[in-house]
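Trainee: Single-letter residue listing:
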Amino acid sequence: MTGVLVSTTINGDAVQFACPTDETLLDSLRNRVGLTGAKEGCGTGDCGACSVTLDGRLVCACLVLGVEANGREIGTVEGLVEDGKLHPLQEKFIEHAALQCGICTPGFLVAAKTLLEKNPKPSEEQIRYALAGNLCRCTGYDKIVRAVQAAAKEMRKK
Amino acid sequence: MGHDTNYQDREFKIIGTRVKRPDGIDKVTGRAKYGADAFAPGQLVGKVLRSPHAHAIIQKIDISKAEKLAGVKAIITSADLPDLTGSNRGMTDILENCMARGRALYHGHAVAAVAAIDEQTAKQALKLIKVTYKLLPHVTDVDEAMLPDAPIIQDFVLQDGKPSNIAGISTFGHGDVDAGFAEADVIVEKSYKTEQTHQGYIEPHACLANVSSDGSGELWVTTQGHFSFRVVCSTLLGLDMAKLKVTSSEIGGGFGGKTHVWTEPLALALSRKANRPVKLVMTRDEVFKASGPTSSTSMDIKIGAKKDGTITAATAMLRYQDGAFPGIWGMLGAMTAYACYDLKNVKTVGHDVLVNRPKVAAYRAPSAPMAAFGVESTMDLVANEIGMSPLDFRIKNAAKEGTQASYGPVYGPIGIGPTLEAVKKHPHMRAKLKKNQGRGMACGFWFNFGGQTCVDLNIGPDGTVSLTIGTIDVGGSRASLSLIVAEELGIPYDQVRTNIGDTASLGHNDTTEGSRGTFSSGMAAIFAARDAVGVLRERAAKMWDIPVDDVVWADGVATATGAKHSNLPPLTLAAIAAKAASTGGPIAGHNEVVADNAGVSFASHICDVEVDPETGSTKIIRYTVIQDAGKAIHPDYVEGQFQGGAAQGIGWALNEEYIYGADGCLQNTGFLDYRIPVCSDLPFIDTQILEIPNPNHPYGVRGVGETSIVPPLAAIGNAVSHAAGVRMTHIPMSAPRILKAIDDAKA
Ligand code: FES
Ligand code: FES
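Residue numbers (our numbering), protein chains in the order written: chain Z, 1 to 158; chain S, 1 to 747.
Chain Z extracted, bound-state conformation:
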């Protein structure tokens, strides 16, 4: 097993960790950096629970290698709070009861944030397709879509 030292930026902080070359970014984040917000629901890119951003692009952390983070910027759910304030999406998810068990929530928040950065005024259909890579088994997605709509509205006010 060969190990590699990785220098990366996570949620704006410079971070270093060492990992085997075949380890997923998800395992590196969870087991070496100690950020367990991203979850493993499948490990095969099918559930989106591990959603993070890599240089601003939405990726499944279970399909990226830890070593690929070298020299790049990672964004996780832990980075959504800014200056001690919840992101409007986080606010609206709580307010609209958009989570039941909450295991899918970090992935949905990261995916929805990426969507709203690109498209501040998505239609219901655009939201549904943008979030189609994130599985939720509890909610039937109803309150999730409503929370994203409410957050988008709130963010447009600013």
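Treat the hints as calculated values from the structure; they're not laboratory data.
Every residue gets a Cβ at the ideal spot worked out from N, C-alpha and C, and that includes glycine.
Any given hint might turn out to be false.
Unchecked claim - DMTMM-like cross-link-like pairs, simulated, lysine to aspartate or glutamate; straight-line CA separation at most 20 Å:
no. : chain 1 : residue 1 : chain 2 : residue 2
1   : Z       : K85       : S       : D26
2   : S       : K619      : Z       : E124
3   : S       : K740      : S       : E614
4   : S       : K33       : Z       : E78
5   : S       : K193      : S       : E119
6   : S       : K130      : S       : D80
7   : S       : K273      : S       : D83
8   : S       : K396      : S       : E421
9   : S       : K619      : Z       : E125
10  : S       : K273      : S       : D240
11  : S       : K127      : Z       : D22
12  : S       : K123      : Z       : D22
13  : S       : K20       : Z       : D22
14  : S       : K190      : S       : D744
15  : S       : K740      : S       : E610
16  : S       : K273      : S       : E119
17  : S       : K20       : Z       : E125
18  : S       : K306      : S       : D185
19  : S       : K273      : S       : E67
20  : S       : K434      : S       : D612
21  : S       : K20       : Z       : E124
What the hints assert, rightly or not - With the C-beta cut set under 10 Å, the calculated list includes, among others, these residues of chain Z facing chain S:
no. : residue
22  : D27
23  : R30
24  : K39
25  : D46
26  : L80
27  : L89
28  : E95
29  : A97
30  : N119
31  : E125
32  : A132
33  : C136
Keeping the supplied structure of chain Z fixed, place chain S with the ligands upon it in accordance with the hints.
Mentor: The following block gives chain S with the ligands in isolation, referenced to the frame of chain Z:
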């Protein structure tokens, strides 16, 4: 102390408001700790080796090479798990399901497990374990398993003294069905099949086990019942119950699948052997292969009715597979099949059948959706034959207060009639349908369950209140329970915090199943709060030096009654708590209860679909859930249960199924091939909450979590038959099945 469990009509101040849940902030920031998020110093990684065969004798397990691999700290086989269960068959089955004992009974059955210093080493060790199998004939289909020459799964199961795969036959009903059918103007008889589905919670099973050499241990685990896990794990491992502390993590979905132990005893056994903490997390592939899905079924339904719409007789022959170990799934199907209706003559027979598949577990109103599919589809067929609308036909035969249920009891006030009347009035019923679209409806029933429950309510020195519960929170129940305590004490919601206690901090609590969380812990919380109010009044009386009878508790303060006390300003909870040290010590309330009579629940669903006649693919256009909640403590989370159950039902109806090959192996063990509904598959799901108080709960609460999965299979089946002109009798109604039905109908 005895408490009155009867419903009392009252005005609520904050029950029914949509407050923010206390665990929300942790869950949107990634701080909440789920099963796989725990860490213990020195922890090892546990991994399980599973049978690649459906049915095989395990002739030899050679661990010599694996043992020698650097970094491997423990390897266990069934030899490390001696049978300590006595003659308790249920426990022996759990033990054997956790790890095969000489025979692999299904594809994915555990045969050995390792603990190693890291994931890579553990995986490598699994590859080095050499198992010699001798293949046996297998059977995975429920009907084939009942044939006389089918391979026998369990030797101890006998019918008429002969080995059989039929582990149970349960009969329910009343009246004389032959006489009833003789009276009928119309009789419809039809057979149906439903395929096996998985609960599909997004969080795989995960635990962290830590057993010390003195025989004490800790288990951190994602579970619906940490107290039951303690009972099972300590029994299987021979540990003292009091020495095994089980802590429930945040749970990433369960729906019944986390009521059973799967790998936890293995993690404990590995930890004991390695003398180090062991973290064991199932892969998604393992979750599908080896944690219990729901039954696949086959059934024959027969309903007879008079021209005026009165049902004269109804029967159901149900065959449910249990996986490789006996269960009660066919029995539950037989109990629920006709529970929505007021029938003079009814008979249901449920068969529990063993096959070479994983041990079946509960899945949200377990067994009811399949039976409802058969019955509610047939109800539509009968209505068509007599020329009545399916809705009016159901209204005419709906069970009501005083009806003897087909499974025995006589109903109190119930919600089936009101949900049907609400369907009639709902705007959904008047929405225009376009080409290739169709509308269907169906009803559903679930018992709900109460069970053993206890809570502790402690008032802090600053007057804030902490409620410790032993049921777990699958979807917002901590918010609901805090609301209840705040309502009883007359204080703001924010002043109450509900926490889930581990097994060392509370008495036994039954598993959180049967929609019992808010119902039973809610009942105990009401009583604990009332106990605390008693103490608060005593303390206030002491502080004022007046008789306790002169003190009343209302709106969060103690007030001295009567003119002679008019000089005494009211005492707040904080003021009384601050003086607790000098008035008798900490202030608390407790309650232990067996919360029976959780209140049966009924729902009616309406669904519009569009079927593409070229491809057979089906899209849900509109969906409405109408259900009786008794009393909705927190409407958001009640609606959430309605919507979530409907979505699971939609997935089951249209797409989800376990696909077995001719080799008896499961072929679709990932979310790519076992496709659950995604966001773009579904419309908004409309909900309507009815509140018909449960007479056996002080607030009228009924369980709400499960019933919503019961009607969708049939509602969608009925909608598809209107949209495409074909009656679907096999679930899931996947595109190829619908296309075939359309083509067959043309031919
Ligand atoms: S864990 Fe990465 S997509 Fe499921
Ligand atoms: S809230 Fe449980 S999976 Fe989405």
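Trainee: Confirm or reject each hint.
Mentor: Here is how each hint holds up against the structure:
With a C-alpha separation of about 13 Å, the suggested pairing of Z/K85 with S/D26 holds against the 20 Å cut-off. Distance hint between S/K619 and Z/E124 is fulfilled; the C-alpha atoms sit about 16 Å from each other, no more than 20 Å. Distance restraint check for S/K740 and S/E614: the Cα-Cα separation of roughly 11 Å lies within the 20 Å cut-off, and the hinted pair is therefore satisfied. Of the supplied pair hints, the one linking S/K33 and Z/E78 holds, its CA atoms being roughly 13 Å apart against a limit of 20 Å.
About 41 Å separates the Cα atoms of S/K193 and S/E119, which puts this hinted pair outside 20 Å; it is violated. For the hint pairing S/K130 with S/D80, the CA-to-CA distance comes to about 17 Å; that is within 20 Å, so the pair holds. Annotation: proposed proximity of S/K273 to S/D83 holds, straight-line Cα distance about 17 Å (limit 20 Å). Note on S/K396 and S/E421: the hinted pairing holds, with a Cα-Cα distance of about 11 Å set against a maximum of 20 Å.
This hinted pair checks out: S/K619 and Z/E125 have alpha carbons roughly 14 Å apart, not beyond 20 Å. Annotation: proposed proximity of S/K273 to S/D240 holds, straight-line Cα distance about 17 Å (limit 20 Å). The straight-line distance between the Cα atoms of S/K127 and Z/D22 is roughly 17 Å, inside the 20 Å bound, and the hint therefore holds. Of the supplied pair hints, the one linking S/K123 and Z/D22 holds, its CA atoms being roughly 13 Å apart against a limit of 20 Å.
For the suggested pair S/K20 and Z/D22, the alpha carbons sit about 42 Å apart, so the restraint of at most 20 Å is broken. For a cut-off of 20 Å, the pair hint linking S/K190 to S/D744 stands: about 17 Å separates their Cα positions. Our distance criterion of 20 Å between C-alpha atoms is met by S/K740 and S/E610, whose separation comes to about 17 Å. For the given pair, S/K273 sits about 18 Å from S/E119 by alpha-carbon distance, which is consistent with the 20 Å threshold.
This hinted pair does not check out: S/K20 and Z/E125 have alpha carbons roughly 27 Å apart, beyond 20 Å. Taking the CA atoms of S/K306 and S/D185, the gap is near 5 Å; set against the 20 Å cutoff, the hint holds. Distance restraint check for S/K273 and S/E67: the Cα-Cα separation of roughly 13 Å lies within the 20 Å cut-off, and the hinted pair is therefore satisfied. For the proposed pair S/K434 and S/D612, the alpha carbon gap of about 12 Å is at most 20 Å, so the pair holds.
Among the hinted pairs, S/K20 with Z/E124 is inconsistent with the structure: their alpha-carbon atoms are about 25 Å apart, more than 20 Å. Checking Z/D27 against chain S by beta carbon gives a least distance of about 7 Å; that is within 10 Å, so the hint holds. Evaluation of the Z/R30 hint against chain S yields a held restraint, the C-beta minimum of about 8 Å falling below 10 Å. Satisfaction of the interface hint for Z/K39 is found here, the shortest Cβ-Cβ separation to chain S being roughly 7 Å, below the 10 Å cut-off.
With a least beta-carbon distance of about 4 Å to chain S, the hint placing Z/D46 at the interface is held under the 10 Å criterion. Given the 10 Å rule on beta carbons, the hint for Z/L80 holds: about 7 Å separates it from the nearest Cβ of chain S. Because the closest C-beta pair between Z/L89 and chain S is about 8 Å apart, less than 10 Å, the hint holds. Hint on Z/E95 holds. Least Cβ distance to chain S is approximately 7 Å, under the 10 Å limit.
Using the Cβ-Cβ criterion of 10 Å, the hint placing Z/A97 at the interface with chain S is satisfied: the shortest such distance is roughly 4 Å. Below 10 Å, beta-carbon pairs count as interface contacts, and Z/N119 has none with chain S, the closest being about 15 Å; its hint is therefore violated. Below 10 Å, beta-carbon pairs count as interface contacts, and Z/E125 has one with chain S at about 8 Å; its hint therefore holds. Satisfaction of the interface hint for Z/A132 is found here, the shortest Cβ-Cβ separation to chain S being roughly 4 Å, below the 10 Å cut-off.
For the restraint placing Z/C136 at the interface with chain S, the shortest Cβ-Cβ distance is roughly 7 Å, inside the 10 Å limit, so the hint holds.
Against the hints set out earlier in the document, violations occur for numbers 5, 13, 17, 21 and 30.
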